[in-house]
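Peer 1: Below, each chain spelled out in residue letters.
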Amino acid sequence: MQDFATPMPTTQLAPPDRARLIVPVLLFVALALAPLLGFLGAERYVLALFTRCIIFAIAALGLDLALGCGGLVSFGHAAFIGIGAYAAGILTASGIDDGFIGLFAALAASGLFALATGAVSLKTRGVHFIMITLAFGQMAYFVANSLKAYGGDDGLTLANRATLLGRDLLADNRVFYYLSLAMLLAVYLFARAVVRSRFGRVLRGAKDNETRMAAIGFNPYPFRLTAYAISGMMAGLAGFLLAEQSEFVSPAFMTWQRSGDLIIMVMLGGMASLDGAILGAVFVVLAEEVLSGFTEHWRVIFGPFLILVVLFARGGLLGMLTGRRHG
Amino acid sequence: MAETLLTLDRVTKSFGALRVTDTVSLDITQGELHALIGPNGAGKTSLIHQLSGSLASDSGRIVFDGEEVTGLPMHARARRGLVRSFQITSILPRFTALENVALAVQSRSGSSLRFFGDAARDSRLNQEAMEALALLGLAERAQTLAGTLSHGEKRGLELAIALALKPKLLLLDEPMAGAGASESEALVAILRALKARCTILLVEHDMQAVFALADRISVLVNGSMIATGKPDAVRADAQVRAAYLGEAG
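Taken in order, these protein sequences are the chains called A and B. The letter at position 158 of the first sequence is residue 158 when you use the working numbering, and the numbering goes up by one with no holes. Position in the second sequence counted from 1, then plus 1000, gives you the working numbering.
A hint or two may mislead.
Facing chain A, according to a computed beta carbon distance under 8 Å, are these residues of chain B, among others [claimed, not checked]:
1. Gly1071
2. His1075
3. Ser1090
4. Ser1112
5. Ala1120
Bear in mind the hints are in silico, worked out from the structure with no lab data behind them. Keep in mind the model is a prediction, meaning the values are calculated, not measured. Ideal Cβ positions, reconstructed from N, Cα and C, are used throughout, including at glycine.
Produce the entire structure from the sequences given, and follow the hints as far as they go.
Peer 2: What follows is the structure in structure tokens.
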């Protein structure tokens, strides 16, 4: 036994790893400067492209929280994007233009859908969880397809973007871009806080070793459900922004391929790192844009690349950049 | 006479035709170190599983601290102070040793629905966790990833995690398994120190350790409890000698 009179070794942790801040800071600076890249083409085009990057980065961050940190491989996250988008679209179609109401509705609808489907899905594990989330995602897809009043499978065109306090600020693509970027930053900081919090530690622990967590008195279920709901709401936020940006909503937002794309973004960028999710989303959106310029079969090029990254860079793109592997 | 902390009342469990736990009844008294011994395959680990809640009994009752816990899941039993350690160490490999223990402290403190504040810098959690680590001589390894600790250190960490839960009853499943002679001696000293803190049910093959530590010993053979009593009485029991000690030499 050790003598308690001897001073305890310090419980102070090492100072924050500055190297870990470099990637996110660079990412956000790059995104803030991206619209100024005039040589890429017309400003309208560049803004639209990078707004898509940001929107999918928000959704990928949400998925990373569930998949990377919680070990919950959701194959139905596109449904949350679609639900957020339809919430915005249906409100606008009903004459309610206010952005705050739209945002609230998108978050509430996606959050409730995540709670309801998560409550069932999280009773299962592994492949079953993947399949059941896929099934719920497909259900949402076919419901959207059947919404005759809102365009059915043709989708729904929004008459205008939402207004803020009665002013049509969002009509300006540049304002819309920086507002989206601000939301990405907020989501990122929130996700970072959650992962490091007591809550996040239980979530990560349950991914590592569920039995151990039960043995020390934790029931992982409520923690996973909460994380799944938060994750779904982030994707719902992305859907809201996507609808507002494109002024269009369609069932195509919520296909299972889109859910797969989100998983690819997270895996490619580097799971459980959050930075990686942003990196992966930006990379995939840009790669699709560039490669589809050469050929409509762009996935033929992208697929092998993805395989190489998964095989040889276990930490994803982020791991390649920082030489670090995230858990 | 101290009060009874845990009561097993005719607990039974079968896997098909094999009765791994056959109407086992047992009382564990507050403050004692109770050893559970028996030859390989006697059903000791199955019994521990049923006590901790990872395996449901077919029939019988388990009463802990005045409350029936028979139907409760593992996490609910752990919260009530019925804590187990694992035969095969079962730590969180990608967490540091300190974090492994701090999570246990966090579980007991009961405020895990906090979404802000860096848990790794929570000095209240870390302080208690460090005390548990220090008790097992692992203070210097606090910032090491648990997966990279040596086998002996993992075993110590396992105990530190259990301790940090401030258990009322600690179920120890072969803590000496695979330990060398000197390591075993150190573990006996540690267990002796733990004895002052909580009631312990110790499953162990190392007879030297068992007889050095136990207040009472129960002997399980083929799923049945054939004897319970003071070490000397158990050592002298003819049935035990025939069934177990004789075999072991």
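Peer 1: Hint by hint, say whether it matches the structure.
Peer 2: Right, here's what the structure says about each hint:
1. Given hint, Gly1071 (chain B) at the interface with chain A, is violated; its Cβ is 15 Å from that chain's nearest Cβ, farther than 8 Å.
2. With its C-beta approaching chain A no nearer than about 4 Å, His1075 (chain B) sits inside the 8 Å limit, and its interface hint holds.
3. Taking 8 Å as the C-beta contact cut-off toward chain A, the hint placing Ser1090 (chain B) at the interface holds, the least distance being around 5 Å.
4. The interface hint given for Ser1112 (chain B) holds, since its Cβ lies 5 Å from the closest Cβ of chain A, which is under the 8 Å cut-off.
5. Annotation: Ala1120 (chain B) was flagged as interfacial toward chain A, and the flag holds, the nearest CB pair being 6 Å apart, inside 8 Å.
Hint 1 from the list above is the single one not met by this structure.
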